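Engineer: What follows is each chain in one-letter form.
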Amino acid sequence: MSLFSLGLVRAIVGQILGMLTGMATTMLIRVMLGLPAWAAEPSWTVGAIFSIIGALWAVGALSDWAKWMKGEETPMHHGPPEGKPAWTRYFGVDYNHKVIGVQYTVWGIFLLLVGGTMALIFRTELAESGRQFLSLELYNNFIGMHGFIMIFAILLGIGGMANYLVPLMLGAEDMAFPRLNALGFWFNVPGSLLLLSSLFIGGWDAGWTAYPPLSARGPIGYQLFFLGVFAVGLSSIVGSLNLLVTILQMRPKGMSLFKMPIFCWAVFATSLIQLTATQLIGLSFLMVSTQRALGMGFFDPGLPGATLMTGLGDPILFQHLFWFYSHPAVYIFILPGLGIISELLPVFSRKPLFGYKWIALSSLAIAIVGFLVWGHHMFVSGYAPVLRYAFMYSSLLVAVPTGVKFFSWLGTLWGGKLTFETPMLFVLGAISVFLIGGLSGPILGTVPSDLPLHDTYFVVGHFHATMFGGFVFPFFAALYFWFPKVTGRMYNETLGKIHFAIMTPAFWVQTLGQMGVGVMGMRRRIADYDPTLGGGSIEAWQLSITIAGFLIGFGVLLMLWNFFQSAEVGVLAGDNPWRSRSPEWQIPSPIPEHSFASPMVVHGEPYDYGLPEPYVAFAAAGDD
Amino acid sequence: MSVATLGHQADHGHADGHDDSQAAYLERTRRNRLGMWLFFASEAFIFIGLLAARFYLWVDEGGQMMRPELDQVVGLIVTVVLLLSSYFMNRAEVSIANNNRRDFLWSLVITAILGTIFLVGVIIFEWGMLPFIFEGHLKPSDGVFGAVVFGMTGMHALHVLSGIVLIGNVWWLGRKGHFSAERHWGVEATAIYWHYVDLVWIFFYPALYLIGHAYGVGH
Amino acid sequence: MSERKKPVAKAKVKAGIYRTGYIVAIILAVVTGVEYYIATHFNSFAVMMLLGLVKAYFVVNYFMHIKTLWTEEESH
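Line by line, the protein sequences are chains A, B and C.
With the first letter of the first sequence counted as 1, position 374 gets the number 374 in my numbering; the numbers rise by one all the way through.
If you count the second sequence from 1, you need to add 624 to reach my numbering.
If you count the third sequence from 1, you need to add 843 to reach my numbering.
A hint or two may mislead.
Here are the computed lysine-lysine pairs in the DSS-like style, where the Cα-Cα straight-line distance is at most 27 Å [to be verified]:
hint : chain 1 : residue 1 : chain 2 : residue 2
1    : A       : 70        : B       : 800
2    : A       : 259       : A       : 357
3    : A       : 253       : C       : 910
4    : A       : 417       : A       : 259
5    : A       : 417       : A       : 497
6    : B       : 763       : A       : 67
7    : A       : 357       : A       : 417
8    : A       : 84        : A       : 67
9    : A       : 357       : A       : 253
Read the hints as simulated data drawn from the structure, not as lab findings.
All figures in this text were calculated on a predicted structure; none of them were measured in a lab.
Chain A on its own, in the form it takes in the complex (with noise of 0.2 Å):
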């Protein structure tokens, strides 16, 4: 078996190859037109460009349009590709998914473990104040570069927990359109590859946000960070294009939209969000680009009396292009979460979930509120200050859609007979984690205090919070959770539970760690500070952040090694291993090719644990 035959070694070199193409096809252009060959700035774009398509050229990804734009039938394959072994379906483009979903799950970890290792070597810098090993340029590159690593990183662990889970919920064999699926999934290789790759050449460095006049003015580093959020944020809107067609029009008779899985429910709303907002990010930074690269001035004021044909571009309005995605992006990253929470804790009380409608609506309402809220990013960036009320009052409504949720959750958890797994105790971790960042939401939403503790640490405490209790924890939970329907063996609950033992504790450390520091008045992006602030005691704040931080990779590895172990020596699941009403585990572990050997019906409700009539059943073959 030839190296080549591994889709993603296809893809890389592809990639290699369309950006050199793409290089020679700029070079060529400007040499017609007498320009020097040579420019960096339009060869790298239009190189990132080309690479994008390389690599999806390359791997396949794009074929089978290809064959149907020539009039070619194009059957499904189903099962592992011909000739080779089946692990190698995981390596290229297959339809099938289960695989897809395998696909975004591990990218997401890896791309997880490349942005955790970048900020623990920044939190290793800041242990103790000064400036010891980390250049000033690497330290800005850094922090950028985390936030951006952990978004792809999210969205790929959403993508993954969507694309395998959903069908199986709603009993269908696949989704509603598997080559879109599969392109989706591709997008994010060379997406990723292309923002790692901005490091080698100058990188780039306003941070995540990439604020005009900085990400204007800065190295070329930034056009290849906004072509790869570009290519990440095209999967974004496909997956979730397919999604919502899957979710609105393959479900089996009598599951009514208010009978599904309730985590079909949060992806529904997630992709909402993803398929219209996603725009605004990609707009904002393709305007940023064209700045750059053709001098389009929308952000650039110009001199000191430009006129509309000389200036007079805005730096506000790209902080409005860009919050339109960027704080509906966080209920992307959040809602899914919350669904695996519903999800996993009336399986592990025992009881109904509470409140089922309620939930289900609140992730709507989440979404739909969260169109109306970018503002309270841009308090202090000198926008009219009417505006301030309205957006501090819109801020503080999500409040109530997301009190919903928690009180359901209590709701579920009282007088249940609950059991402590790893994955219930990760959904506890979860939910003890987020309300420290939903307790600490409003008081950076209003604006008088959040005047002073803007851009302060404190923020950062908050964020990390809401990501951590919106997606780390239940992500985590839903690993350990169908860890055993997807490689029908069980992961090891000791190690589990330690995993579990040493990471909620150090995160909690760590989030509080933050808003301390941040209260005392450390700022946000900054390489040093002031060793006197509170009282001289900020260093050993900042040293215990940043133990919490290793001690949380700590933690992740050691989850990972578990599921490396137990996929090979662990003990066989069985097919539900948590008497889980849920259809996916009504079938074999591991899943067949075909997911559903006869269609489902819906007889009851997904969550009425303890009454004998089981939410859906199989009908035998043939009798339909």
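Once you have looked at the hints, place chains B and C on chain A.
Structural biologist: Then chains B and C, alone, in the frame of chain A:
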């Protein structure tokens, strides 16, 4: 798993299984159609974003809405050409649905030609890309006027171009007898995409050419 | 006899099928003309957007047949 159950799966689960019945085709088309409209909804946000930028930036010191003085004749001609192309695209779709192959193919050709005229009108006469034929009014670097005009028309032109490529592809497949009155999702998708591009221009045309006080840009 | 009738009937259908297209195209052209006239004489943002919406309605409804999204139909 028996063959019979697999066959059943194909018509209720598979996105594009081996089931070749008309019912399965309609089911897939229904899904494709929803996907297409969701794609439009998504794209709408990029165009609304551009419109928002236009109304945010094209304001003078007094807060008055402004616009650069573009060539009104060019604007009106390309707008009419694009609306006309939409009519012929519709005619193509209606023709294939009624099995009128000749009309179908000719309508596609006319649509593509009108689309190309629109593109040429924008590139040569609005952008002034070929200065020896026509000197344009604005350069991309001409302040917010240049940035927004080129941003909006550029994003739209990209969609027109992809639409023309799709129409060409549909025409080529149509000549090979690829579509029928019962099965022509490819034609329908291209048609509604083309109408969508037209729809965007319906809002871009007044935003660029008609709304606000004209501000002389000279040559 | 039936053979003779057929082409007539077919032609009738054919004339009918394009009628919606003609009418919509003419309406769009007229509204565009009105738009241009109003813009050069009155300069009103609200009227412009309103006329844009009118045109959009005709395109979305008659050219893009948005109704097919929620109606069960045979392909036309």
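Engineer: Work down the list of hints and note, for each, if the structure agrees.
Structural biologist: Okay, the hints, checked on the actual structure:
1. Among the hinted pairs, residue 70/A with residue 800/B is consistent with the structure: their alpha-carbon atoms are about 10 Å apart, no more than 27 Å.
2. Note on residue 259/A and residue 357/A: the hinted pairing holds, with a Cα-Cα distance of about 9 Å set against a maximum of 27 Å.
3. Straight-line distance between C-alpha atoms of residue 253/A and residue 910/C comes to about 23 Å, which keeps the hinted pair within the 27 Å bound.
4. With a CA separation close to 24 Å, the supplied pair residue 417/A and residue 259/A stays within the 27 Å bound.
5. Of the supplied pair hints, the one linking residue 417/A and residue 497/A holds, its CA atoms being roughly 19 Å apart against a limit of 27 Å.
6. This hinted pair does not check out: residue 763/B and residue 67/A have alpha carbons roughly 40 Å apart, beyond 27 Å.
7. Using a Cα cut-off of 27 Å, the hinted pair residue 357/A and residue 417/A holds, with the two alpha carbons roughly 23 Å apart.
8. As the CA atoms of residue 84/A and residue 67/A are separated by approximately 23 Å, the hinted pair is consistent with the 27 Å bound.
9. As the CA atoms of residue 357/A and residue 253/A are separated by approximately 20 Å, the hinted pair is consistent with the 27 Å bound.
In summary, the one numbered hint that this structure violates is 6.
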